[in-house]
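Respectively, the protein sequence lines represent chains A and B.
Under the numbering used here, think of the first position of the first sequence as 1, with each following residue one higher.
Under the numbering used here, think of the first position of the second sequence as 1, with each following residue one higher.
Because the hints were derived from the structure by calculation, they are not lab data.
Heads up, a few of these hints could be off.
Here are some, though not all, of the chain A residues that point toward chain B, as calculated from beta-carbon distances under 7 Å [said to hold, decoys possible]:
1) L15
2) V16
3) P17
4) L50
5) C52
6) P53
7) G74
8) A88
Non-contacting residues of chain B with respect to chain A, defined by C-beta distances greater than 10 Å in every case (computed) [what the hints assert, rightly or not]:
9) M98
10) H205
11) E220
12) P325
Pair ranges (Cβ atoms, derived) [claimed, not checked]:
13) A:T20 <-> B:A336: 36 to 46 Å
14) A:L39 <-> B:Y218: 52 to 62 Å
15) A:A28 <-> B:E90: 50 to 60 Å
16) B:R340 <-> A:A21: 23 to 33 Å
17) B:A158 <-> A:Y51: 23 to 33 Å
18) A:A25 <-> B:E90: 40 to 50 Å
19) A:T20 <-> B:I115: 27 to 37 Å
Every residue gets a Cβ at the ideal spot worked out from N, C-alpha and C, and that includes glycine.
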Amino acid sequence: MPQLTPWESLPPGGLVPAGTATQAATGAWRTSGRPVLTLDRCVNCLLCWLYCPDSAVELDGTTVTAIDYEHCKGCELCVEVCPVSAIAMEPER
Amino acid sequence: MTAPRLLTGGEAVAHAFRQIAPDVVPVYPITPQTPIIQAFSSMVAAGDVGTAIVNVESEHSAMSAAIGSALSGARTVTATSSQGLALMAEVVFIAASMRAPIVMAVGNRALSGPINIHCDHSDAMLVRDSGVVQLFAENAQEAYDLTLVATRVAEAPAVSLPVLVCQDGFTITHAAEPVTLLDDEQVEAFVGPYTLGHSLLDTAHPATFGPFAMPDYYFELRRAQAAALESALSVFQFAAADLARLTGRTLAPASPYRLEDARTAVVALGSTCGTIKDAVDDLRASGVDAGLLQIRSFRPFPTQHARALLAAVPEVVVLDRADSPGGAPPLAAEIAYALRGTGTEVRSYVYGLGGRDLHPAEIADAVVAGTSRYLGLRGLACPA
């Protein structure tokens, strides 16, 4: 959780610099399990990376490596679009 | 400075716009504002000023376009009245919260309904709490002068807010008076170039403008916005003092007229202040010690100035050109708040709704007797 800013230190109009969305731990919003990636099945088509609304599919270069649970909201879009069923929802641990 | 010219308030403000030289003017016509933008459009068509006029499809769009334009780094002005301001109101709040410096001329006109095109201040009061600066002119000259000052106030980095320059519909917008304009070069130097802290078009430093705010930030952002509005009072005084050095005309947020030894002070906004000065002179001639406190800056309200200027006056009569059905009229509420704890008697009157004329005799009646809280209304008296 980032430090909350007092009113007198806020930028005019509440301007938010680009790239600060990473500071919001939206992963806390997940309520119905988490998507789990099985890399053995993944064909690296990047559809999950393309569709993820929270940029929570992590890449190493152009290769899918993991899901960022700090920012994944659990929308399940990646599960829907994966053509080889390499992503499945599982209960939170 | 040129010789006085015969100009309507609308034409005077069009000249102020021409001299301020806005980059962009998104605007939609509405009576009684139309003469402002009609005169200005003629100046653009004649090549007197290189402004892009955007003919939008509504006032909601006019203010939306103004926000994008102003925050991109383009000096932006617009104008509206009554229902136009009502339709725009949603976006006026957003323009203030995004700290968009926009100068807006308002030709004050009664809100519907019943539909009416004549003057009262109900349109301005509708956006009283939007966080914008609201200045009220007494005549065409003040409408011109205040538009120049408004540009400095809107664009001051500490303020960076929309500024509404209110002039009474028809009484000022359409009435021709002698108006003295500054030279174009004087205005250019007075307002300076348009600069902005962070432009929407600064692609090297992209940012989110107008972000969503949860309960953890909304309150702080509103307070920061209120502080910017409060700072407009000193910026107004500073800019008005600069302008006075060029014009010899003083424009205070609150100006006294024959108030120093007054027993009864009248407080009002707009063109009625001219009538009140005559009424005060007549009352003084007949032995009644009356005076006037003219409020030019309604937002931010010069609360401490009003309290100091009214300190020695035992009785205050507030004239509002807008009603607040079921509660205190807006100017009366401000004055009662400014004078809290002083024991000064404050009487509140509403006049002039929908363009009803206010005669000096009615002002005298309010000062001397004041039996009904509606001046110039037919029918049963309504106890003050």
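Going down the list of hints, with the structure as the test:
no. : hint                         : verdict
1   : L15                          : holds, 5 Å
2   : V16                          : holds, 4 Å
3   : P17                          : holds, 5 Å
4   : L50                          : violated, 21 Å
5   : C52                          : violated, 20 Å
6   : P53                          : violated, 15 Å
7   : G74                          : violated, 20 Å
8   : A88                          : violated, 32 Å
9   : M98                          : violated, 5 Å
10  : H205                         : violated, 7 Å
11  : E220                         : violated, 4 Å
12  : P325                         : holds, 34 Å
13  : A:T20 <-> B:A336: 36 to 46 Å : holds, 45 Å
14  : A:L39 <-> B:Y218: 52 to 62 Å : violated, 42 Å
15  : A:A28 <-> B:E90: 50 to 60 Å  : violated, 32 Å
16  : B:R340 <-> A:A21: 23 to 33 Å : violated, 46 Å
17  : B:A158 <-> A:Y51: 23 to 33 Å : violated, 45 Å
18  : A:A25 <-> B:E90: 40 to 50 Å  : violated, 32 Å
19  : A:T20 <-> B:I115: 27 to 37 Å : violated, 48 Å
The structure does not agree with the numbered hints 4, 5, 6, 7, 8, 9, 10, 11, 14, 15, 16, 17, 18, 19 stated previously, though it agrees with the rest.
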